[in-house]
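Put the complex together from the two separate chains, hints included.
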Amino acid sequence: MAERKLLQRDSDDEGSLLSKLGTDSPKPRVKFGGMFCNVEGAYENKTLNFESYNSSPQSVRRHVKIKNEEKCWSDTFSDTGSVSNFSSVSETRPSGDRAVGTETGSSRSQIVYQTGPGHNREHNGKRETDRLIIKGGKIVNDDQSFYADVYVEDGFIKQIGENLLVPGGVKTVDAYGHIVIPGGIDVNTSLQTSQLGMSPSDDFYHGTKAALAGGTTMIIDHVVPEPGASLLGAYDQWKDIADRGSCCDYSLHMDITRWHDGLFEEMESLVKNKGVNSFLIFMAYKDKFQSSDSQMYEMFGIIRDLGAIAQVHAENGDIIDEEQKRLLELGITGPEGHVLCHPEEVETEAVYRAITIAKQANCPLYITKVMSKSAADVIAKARKKGMVVYGEPITASLGTDGSHYWSKNWAKAAAFVMSPPLSPDPSTPDYLNSLLSCGDLQVTASGHSTFSTAQKAVGKDNFTLIPEGTNGIEERLSIVWEKAVATGKMDENEFVAVTSTNAAKLFNLYPRKGRIAVGSDADIVIWNPKETKTISAATHALTVEINIFEGMEVRGAPVVVLSQGKIVLEGGKLNVTEGSGRFVPRKAYPDFIYKRIKARSKMADARGVPRGNYDGPVHDVISMTKSVPATPSSRGPQCPGKGPLGPTRNLHQSGFTLSGTQIDDHIPRRSAQRIVAPPGGRSNITSLS
Amino acid sequence: FAIRKQLPAFFKNMGSGSPMPRQKFCGMFCPVEGSGDSKTLDFQSLPGGSRRSDGQVIDRQTDISQPRVEIRESRGKSALQNLDDRSDRLLIKGAKIVNDDQSFCADIYMEDGQIKQIGENLIVPGGVKIIDAHGRMVMPGGIDVHTRFQMPDRGMTSVDDFYQGTRAALAGGTTMIIDHVVPEPGASLLSAFEQWREWADSKSCCDYSLHVDITEWHKGVQEEMEALVKDHGVNSFLVYLAYKDVFQLTDSQVYEVFSVIRDLGAIAQVHAENGDIVAEEQRRILEQGITGPEGHVLSRPEEVEAEAVNRSVTVANQTNCPLYITKVMSKSAADVIAQARKKGTVVYGEPITASLGTDGSHYWSKNWAKAAAFITSPPLSPDPTTPDYLSSLLSCGDLQVTGSAHCTFSTAQRAVGKDDFTLIPEGTNGTEERMSLIWDKCVVTGKMDENQFVAVTSTNAAKIFNLYPRKGRIAVGSDADLVLWDPDVIKIISAKSHNSNVEYNIFEGVEVRGAPLVVISQGKMVLEEGNLHTTEGCGRFVGRKPFSDYVYKRIRARSRLAELRGVPRGLYDGPVCEVSLTPKTMTPASSAKTSPAKQAAAGAQPVRNLHQSGFSLSGAQVDDNLPRRNTQRIVAPPGGRANITNLG
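Protein chains in written order, with the UniProt record's numbering: chain A, 1 to 689; chain B, 1 to 648.
Source of the hints: derived by calculation from the structure; they are not laboratory data.
Fair warning: there could be bad hints in the mix.
Unchecked claim - With a straight-line cut-off of 27 Å between C-alpha atoms, the simulated DSSO-like cross-links for lysine-lysine are:
| id | chain 1 | residue 1 | chain 2 | residue 2 |
| --- | --- | --- | --- | --- |
| 1 | B | K331 | A | K385 |
| 2 | A | K381 | B | K342 |
| 3 | B | K491 | A | K381 |
| 4 | A | K566 | A | K587 |
| 5 | B | K331 | B | K343 |
| 6 | B | K331 | A | K384 |
| 7 | B | K116 | A | K381 |
| 8 | A | K381 | A | K598 |
| 9 | A | K384 | B | K343 |
| 10 | A | K325 | B | K219 |
| 11 | B | K553 | B | K230 |
| 12 | A | K602 | B | K491 |
| 13 | B | K343 | A | K385 |
| 14 | B | K447 | B | K491 |
| 15 | A | K385 | B | K230 |
| 16 | B | K491 | B | K524 |
| 17 | A | K288 | B | K219 |
Bound conformation, chain B alone (with noise of 0.2 Å):
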């Protein structure tokens, strides 16, 4: 079929349409003189414990035409002696460390797995590996925080698996994933994440983690988050407010939901985008005889995200749960997530490699394939301007963390909704290409520097799902996940060329500056010059502990505060209009699924439990006894109820 015939047409202005000329490298990153005396990091393994003595300012990157990266083995009989492990000690020498704070010049060994030493002059034993990096930025690898590997969709599985899809994320220098489990409406969580875990234990390339969503609400669900949390390393669950009758959950228990996630100290993530009116429009669209792709994007407009945006802050504002956005995908959904931090909220956003580096004209692609390999949900904003907005957004810290939402059809997987676009399903390639899109649409241009860089590709994500320090930073007892990043090397996105399995790259064409040189997962070079040596299966899981500082130091705060109290009055002994309590006002019209466990709570309706809490209040009253019988015999309905045993 006609892809690669279509090619140059769409692609020709990608990449190059840039409205800014590109920065020379170099100038603002240069670290302030001494900035690095102060630093929290532990260097004691520097010989003789003393620090170093004077800033050092790096050189300028004029030695471009020198070899890139030397890796050397030590010669000799020190490399007898470690021939069998010699890949699990590496030296790194003169790199610019870049952490999302500051930028030094040192060595970095490596053992085990783990960073043992930074510093200069290390004492390192004989026969380690050394990768020179002459100056070059090492920093920590990224985190992508959002991929769906193997994920199952109506009956068809993501043409990317855990090995396929890990080794694309190692090809771009992202040394740890955290994929999305899930389960089948109606099955089991824990079953559904252990077979995740089974999936990605036997070809996970990189360490890996795992958020679960939440497709239905029970009580038994309550239970299975509580013991994913407490003995499974889960501290993050997903919610749907989209996807009408297959995923999405209503408001209430959307505050349910909350509510558990904050008492378990997970945060909440939200696929935000108001199912109804999508289900709605999508019958309107399909019955104007509109079944192509183009009818994804009209039948998922920008506003139904922002207003989904709009109440699940306003839901978690109220259950005061940590909330983090999914898939940013368009400017007005990113402003309502700057806004709510501007007021307080403890909102986190993530915008994703394809919302950042492609927008949504391309639904309207003639070519079919090519139109539906963009679908994703939120779907790319048709405005051009999105991506330049979000990165701006993201550069100035009100979106905080990248994703990929890797999640890969095949086009003939694609074309099971040939002719009817609801059916495509959904999901962009992005894992590869994250961190090369970043540095190119924020770092070239100047928006950030390397250190945000490092925030949002990294730290953010550690820090905010409790990985850090082990992830998202380049300190003693780290984990060895690193990469050298090159910042010149200018290359083309191309499928050709790409390690995941599908054929075609959103980003096809794109001409991105900067890419990984050398990637360094669990202490193991698996990328360099261009090789890749990923080994299916190693990688591990990482669990990740409930109460996440970065997150609820706030939250604990404000939990504090937030105790509501009532006013304390003298009884009201006037008169009471006697109700004759009608049932039909009574008569809970059974809206929504009613969740099990509002039943235990709530078994008495809410509106009419008369008699709740009359006593704890008025309690504290003189005349307790005599006329508040009175008063309460009044009220009470007549035929009684239940739940009325303690009046006598």
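Just chain A, same shape as in the assembly (with noise of 0.2 Å):
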């Protein structure tokens, strides 16, 4: 119905579409401040850890403790909690002054530090990004806000409190009237995968170069091996080329592009020995990457086992493919075409379908690029029932709708391009917004895979071509901000919880990345939200010359990015260093998810009824034969694991398991089962005799 509804519409030209942009938005924009405040004395009994305040000596040995074993951090972090140091903090300041600190910038006067930040500078000229201090800022978690100094040396977070402790000559950073808020996790890139043999035009050091200037200090980037290759050796490629190109640390989920039997010690060894835990599944792209039901309930059993998540891009492939070749027939070759045949339903479909496999199999399931508004809803109302369901939505569906589509500047349009497409239903972004602040949804990524017009226009005449994929990656944090916090649907700490903390628990990053806490890394952004900036291609920090967001004016934009430690953006300038990202190994079996699926697993044991062996007549079967042909008929390829039975057909699977508990075994069974045989006799009937 929106696609007629946009038909008509589409007469309008490109340009009325694009002045509404970012300005239409129906709420007056709500003043920043007021609802943020905090509430006195809540810092109270929080559970962060604050021992290194004032004892030097102790956060020396903590700081060699974590250099050298850094598979140690998680102990680090809760073998502490002095929460007395903490709370004396507290009520040395005074918290009225405080609340209106932000709003009023009157707080900025308000406390004094010891060492002066302009006799620091020249002292440690050399090291001088490595031990900082962070000073007058608001600490944003998604738990809590409070205002407290961070100082931080070798890439971690040493100490946060007041009147910090700390060697001479280390660097300060001044972040009055700002918040400082842990870095942006993206946790959907694409920035290596080749689309009809072209390579995206942001790769690995453009687009964590572009991700550090928006605020983003982490990035997951999707391995797309080729059907039917190696997938630990797409793995070593991709992180080859992810070490060499990125700026800022990164981990890799796993696309499983074709099933087969094999991929299982691959994946296995992917998660118990390359730091992988999630892996995506493709329900569209027929004939490529799809994947059948089948496969993909396969596929969950095995992720469950591994103590992984599973990842799905969501789409019924099978019925894009058809609508695809009725709308070339038709004669639409444009990018409207390709919103055309990827409706809505289609996305809600797939939804669903993974949603219901995903139950049956007891695994923890990640939708990627969440849409439209019915597949966030399917979303939501499996998590009311109960489902272990994530939800991801993307800049672009945030930011912006499908309009575009029909524009009649065919660059433009073809921008857009993406699967699932961006909803040509305008109140979308909103809605979606809503779902996000509420927690229906819960992470925002980016899907930044992005193409320049020269290779988005190998389509030019059939939409089917074009490369997919939309920037995102640097507006990420600045749109939601606009969209969510500076509209009043969040406040400061969800905003922490869907850019950063939520991705880290999800793939247990947590809370290495995603906290502002003592041994956390200082991956850390001072965030200025009344800053105004307007997202245009001649200002953005990507190589791509179309940027989907052009001319939308945003609120709130990074000061100062910490990335490892270092000061990777200041004063508007980006200091980057190609290859300087780590990979970040993620463990298996995330305590955020996996606790209740453990315990469903627990549950879900399903129990048969112990009967006395029915003993009256069995019928004569004669000819079996004719209904037995199977024909493949499950979507994608066949899975060459399940060829040999046919499943409904496998009279004797089973016979022995059950009835072999029982008294009267031997001489009534064998007459009744001689019976079944059918008179050919099958190949797999060797265990009875």
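Structure (structure tokens):
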């Protein structure tokens, strides 16, 4: 229906469509502040660890420990917890003044610090980025906000608190009036995935550079092996390229493009040795990447057993394939054909199906790229029914809509092509932001995969050839702030949750990432909620020449970005080092997800009914063969592991298992089974005799 | 074996556990005064041509003690005149005629199997048989839209053939059935159809029609479907989303089948279960050592049904094809249908006797024979509130049609699967019990009125499958398939007294209120006073035309609206990236069984056909000739492809 409406509307020229961008928000902009003031005394029972406050010898020991044995970082978190230290800190500060601090800026002169910034910089010129202190900011985690200074050394957060004792000559970063948040984590990028043999115009270097410019300090990229190729080979290839190119920490998802039994060992080794705990399965891209329902069921079972997370690209590839054919026959070859053949329902259907299968397999599910209202609704409903499912709207679906596919400007329309497509319904971004704010959707990503106009133009006469993907890695935090926080839908803590913390929890990076706490990585963003900027291809850090958010005015921008304890963005200047990004391995069985799954596995055992043996007459079956012809009917390629057994026909597969415990086991069963055996006999019945 | 012994324990509280007190009959069934005046029925046969002057309020059913139905022959000379064909002429006097839209009192005269006159004081020839209804309800005979009599399943045949099955149907007040033709995969649809016709023509006791199931998909099937619709009176086809590797079709195939069905003006029916998941779950459950009938329901959870319903609704929406979900067995599947209808999809749902009358808790019965008797797909939901919920949705119109899915196998046949539940032949009884159960569950409890009862048991089915108004309505010119309904009779369903061949009735011991007193099929009384007078082979095949109005009026309007248009754009003349068409992305990893219908259209790989419609859109441009040539030459794949012949 929405398509039709749009068709009538598409007489609007591109100018008027564009002009509405960013300004048509129905709600008046909510003033910053107000709801963000903290409740008095809210800090007192927090779980954070401030042991390093005023005890520098201890912190040195800890620092060594962390440095040498990175794996122990989780222990260092748990064995601490001197609450009293912290509460004493909070009591020394008048909370009333703090509350208005952000709004009026009156608190700037309130706290006096010991070290002078100018002096330090000269003194420590060589390693100025290794040790620094962030002063005067409001630290915002996903659970609470509070005022404190942060001392960073060797890429870790060493101390949090007031009046920190720090070595002389550290650089001071001024965060007065700003908030200090954990760096964003972008859980869905495709910076290396080539389409039709073309590499994305933003590779790991440019992509991560743009990410840092937007306040994202970690990405999780998708490894897409060629169908049939080795997963480990692709993983090594990706890791190699990323190690050389990436400017920020990264991790990798593994996409499963063609399922066969041999992949099990590779998946196991990826999870156990390579630090991958998430696998993406495609329900779309028929004849290329698409998996059948049976294959999904099998993979979900394996993924659950490995303690990983199943991700799905949710679209019904069969329907899309048919619709593409139909549209091309109708003579529609432009980018609008892309959205016409990927209707919203097709996405919704696949989400629904994926959830059904995941429920059966008791596997945690993560839906990438939630692009439409109805798909988001399905996720929300499934969560209400208790499903362990997570939804990831992306920058594009939160920031803009699919009306641009009808733009007269081919290059512009093509820039929006991605799968699932942006919904033509203009109320979609608002709706998704609301669901994100209320917790029905949990994580934001960018789905960043950009291709230049020349690359997109490969499909100028056939929309199915247009390489898919939009930008969003740089704009993500600003757009979420603008659409959700500035409008009052969520507060700053929720903002941190959806841009960073939830992702870290889901993918088992927490609390190393996604939190400002002692011992966490020093991936920190100093965020200015009041800064306004206009997104434009002219100013962005990407190489792609069209920005789908062109002209959009957003509020909120990073002022300073710290990655691995080094300042990479300051004063609008990017200072990145190609290849400085580290691979961050992720362990299996993330607590956030698997606590529930484990409990359910215990409950889910099905039990049979103990019955006496049926010893009545058994019908003599004559011709069994005629109904047997096993025509492969699954979606996607036939799974080789399952070929030999025709599931419904394998008469004797488990004949022994149940009735083996019966007393009258021997004589009656034999005779009955002899009757049921098909006349021709089957080659797989070898265990009877 | 020990069926009988076990019975009391399991059936103790069946039928009496209804939470609602039974409502007294009458009250809401009295027609509004004057409502009979503006009816569209044909009363030209009334003497003097005058319509009934006043809306007549029907007597309350206080006359229960009086003789229930009088059937009398006319005496004297006139009787002798019509001795030979006396059952062909029937007059029902004093009946309350119940259609789906209204109820009114009138007499019905029928002759030669058709209703000839309706009204009061009819002038009828002498010597007709007269049935005095004493104000009881006469309604159109039930239409059971889903039966599988005589169905072959893995070398066995269901125990109720067309004779036994239709006999049972008539005994329960159903005067027409629509049976499913199930061709073996690989066999011709037409020959299977002829086979079924042959069986039914020789045995059926009531009128019948046939659905055809699509068990595989290829080009030949499409032609046969066309022949069936145009020449053989079939307007409905069923596709299976379940029975992997046997009947199951892929989504692509379903899409194509639906498109063909829409073009033919037929109705797409779907057996909705996700066969892939079911196959996996079956394997898992067998591995766990569960081989009894409870494994059947464990391997087919409710979500799997709801998922498939959701998927088929999505495909039907895309193809703009009317959809009919057979066997709605669970709450969530019914909810999906109800929601889709709210969004405007043309979709119909068919709960069956079993899902309306009982639940799936019996799969856990200790008595294997009993548990196995309930095996059907999708299975009965173990949730005991399901029947109540489905009958509520049926009453409010979210579900429209009731079938029985009658497909019975004897216990000995079921025992083929005694060590492996996947081998148990599927199907339950229900054709005989359908009308009584719905009356008991819906009308007696006050969920629906008698008119709705007629709608869900007969009229809606007739409308959807284009039998209306020949069937499904009491009107002049309609077939004389009538039921004289007694709303007060109470009977207990039991395998001892039923007319089916099967030795186990899944509704055993259920007490129902409401039963047919007299059943008239083709103008002949086939049931009176509890006696069945059926004639084997007298049932006629009723052809059904395509483009049923009830369904296709909306579909047509939508087809017109659904035309898609592209955006007229200037030519893109910027740089185009050189793609070295790597064969690796081209290789179609032959997935699914590729249907031949597709190969014609897509012998060229769909994604690669660069120039398929390059001309059509930009043909209107001014600068058509030179610049386009240039750019297109760049995009052409290095090797060139056979289908690029028009580029010069």
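Against the structure, the hints come out as follows:
| no. | hint | result |
| --- | --- | --- |
| 1 | B:K331 - A:K385 | holds, 14 Å |
| 2 | A:K381 - B:K342 | holds, 17 Å |
| 3 | B:K491 - A:K381 | violated, 43 Å |
| 4 | A:K566 - A:K587 | holds, 26 Å |
| 5 | B:K331 - B:K343 | holds, 18 Å |
| 6 | B:K331 - A:K384 | holds, 17 Å |
| 7 | B:K116 - A:K381 | violated, 55 Å |
| 8 | A:K381 - A:K598 | holds, 22 Å |
| 9 | A:K384 - B:K343 | holds, 22 Å |
| 10 | A:K325 - B:K219 | holds, 17 Å |
| 11 | B:K553 - B:K230 | holds, 19 Å |
| 12 | A:K602 - B:K491 | violated, 46 Å |
| 13 | B:K343 - A:K385 | holds, 22 Å |
| 14 | B:K447 - B:K491 | holds, 21 Å |
| 15 | A:K385 - B:K230 | violated, 47 Å |
| 16 | B:K491 - B:K524 | holds, 25 Å |
| 17 | A:K288 - B:K219 | holds, 24 Å |
The structure fails hints 3, 7, 12 and 15 (numbered hints given earlier, in ascending order).
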